[in-house]
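Visitor: Build out the structure end to end from the sequences listed, making use of the hints.
Below, each chain spelled out in residue letters.
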Amino acid sequence: MDHIDFKVRKGDVFGFLGPNGAGKTTTIRMLTGISIPTEGTATIMGYDIQNESVEAKEQMGIVPDVSNVYNELSAWDNLIFTGKLYDMPKAYREKRAEELLRMFDLLDRCKEKVQGFSRGMKRRICIAMALMNRSHILFLDEPTSGLDIQSVLVIRDLITRLNQQGLTVFLTTHNIEEASQMCDHVAIINHGRIVAIDTPEKLKRTVENLQSVEVAFETAPPNVLNELKEFPNVSNVVKEGDKFRLITNAPSSVLTSMWNYTQENNLRLITVNTLGPSLEDVFVRLTGIRPATEEEKTDRMKAQEIPRRMAKR
Amino acid sequence: MSNVRSSHYGREIRVAWAIAVKDMRTYYTKPPSLMFGILFPFSLFLSFSIGRNMPLATQIPILISQTLFFASSSIGPVVIPMERANQTFDRFLTSPVSLFSILLGKTLAGIIYGAGVSIIPVLVGIALFGSQIVNIVAMIACFALSSLAFSALGIMFASIPGQTPGQVMMPLNFVRIPLLFISGVFTPIGELPTWMQAVSMLSPLTHTVELARFASGGEAFFGPVLNIAILSAYAAVFLFTGIRFHIMNQRKE
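Listed in order, the protein sequences are those of chains A and B.
Under our numbering, the first residue of the first sequence carries the number 1, and numbering increases by one thereafter.
Under our numbering, the first residue of the second sequence carries the number 1, and numbering increases by one thereafter.
The set of hints was computed from the structure by calculation and includes no laboratory data.
Just so you know, not all the hints are guaranteed correct.
[What the hints assert, rightly or not] Derived contacts from chain A toward chain B, CB cut-off under 10 Å, selection only:
1. T32
2. I34
3. A56
4. I62
5. N71
6. M129
7. V195
8. T199
9. E201
[Unchecked claim] Derived list of chain B stretches under chain A, where covered just means 3 residues or more per stretch with a C-beta under 8 Å from a C-beta of chain A:
10. 77–89
11. 93–107
12. 192–205
Glycine residues also receive a C-beta, built at the ideal position from the N, C-alpha and C atoms.
Guide: What follows is the structure, encoded as structure tokens:
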């Protein structure tokens, strides 16, 4: 990490967005006391993570990028053990565990060993464990990475609900859509440095010239990509599936050109959209990195799973 | 209803105990624990004792020492790398307890495992081979101090930042196996040359063997008081060095 400095407002969902290896996990590890920084300080709800680590850690819950549950124990025992780590009295930890298992829709399977649970269920248990101590701030490292769509939606909904109840959330992600949808503030990190930090909308405004017109033809002519690039005021054209995205700073001019083009070539448009700049545009401009596709993320996750399975043996 | 308890030290001890109990439930029956902690010392003992013209009752202290040595020192090197790989060790580091309590919990798990495994030869010796405990205090001291020292030795080696038990067991065995040869396990210390006796005094295993022999009615070459003092010193050194090494690891990350 290279001299990062930022504040997270109480009650915010704060996103740490960056490519792999940018330093997201390292930051979380330093903020939560797992790693010790060579210099600098971090304060969690007013407590210094190095000098008042016990008090600071009492304020937080952490969900790492892999679900670090005890597979040999049941969901119930995992939560109870977490309660013991926080030295919660027996009656209180049992009440809290039941409350969380009900909230996370896991109560009916709480006595089963976690081993047989799906990734999404394990992630939910992990979040429940992080909330056992009624933490004020929840650290989530890539919370939806490697999960199926249904689990992703469930986890995002849970995070939103918890935030609405007053929980401050600090999440790292390389999923731009997730950051854009969920975060009140976003920091974009690259090579260990924060390159931008603001609300998603304000960040988008920094690349206002990156508006675009998205079109889909009923039948696209063979040389359409090169022909669209010749349009005035178009800086680039990207093919996304059966759609073409024309990057421009003058969408109305592009719409006029598009009308003329379809008339001259006797083409029929089935989709026309004008789009404002996205957080992805901001990310690409600041980091120069194209975000990973879902397929690439899944491949990467599978590659990480192999050594972990070997370690379990 | 209050959700926290008072007393800092009480809290640290309760958490350490919770970690130890969890380790017992989770890791005692894992193949590396069984292999390095039980199979290894028993098969080593059998390969040494079979065919020797030695009454079994006199061999029981050797078996007790070996099981205390291997079983106690194996739990840390099995549990900690596996917890690193599954990131469950991070769960401890992010909970509001000191690193000392975390490692104390791990040490306790090693102590209970070592003592639990080593009680078997004591009971079998008494029940089947007529061995006896003539000094119960010496035997308790042998069990308590040896399992503590060896468990702490295992925790110290587990600071090696590996993610599989093998990555820690290999360097640990570079220390454990030579100790077997200089600790009066195979040859009584009185029969060793003087310079070897001086070397063997430095080995913690020597003092376990000596105390076990003394408690079973045999002779302790260095005397039980020195045995207890040296084992206590090693327990403290291993425990505190282990904590230092684990802190250094955190800084290196």
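Visitor: Are there hints from earlier that the structure breaks, and if so, what are their numbers?
Guide: The structure conflicts with hints 7, 8, 9 and 12, although it agrees with all the remaining ones.
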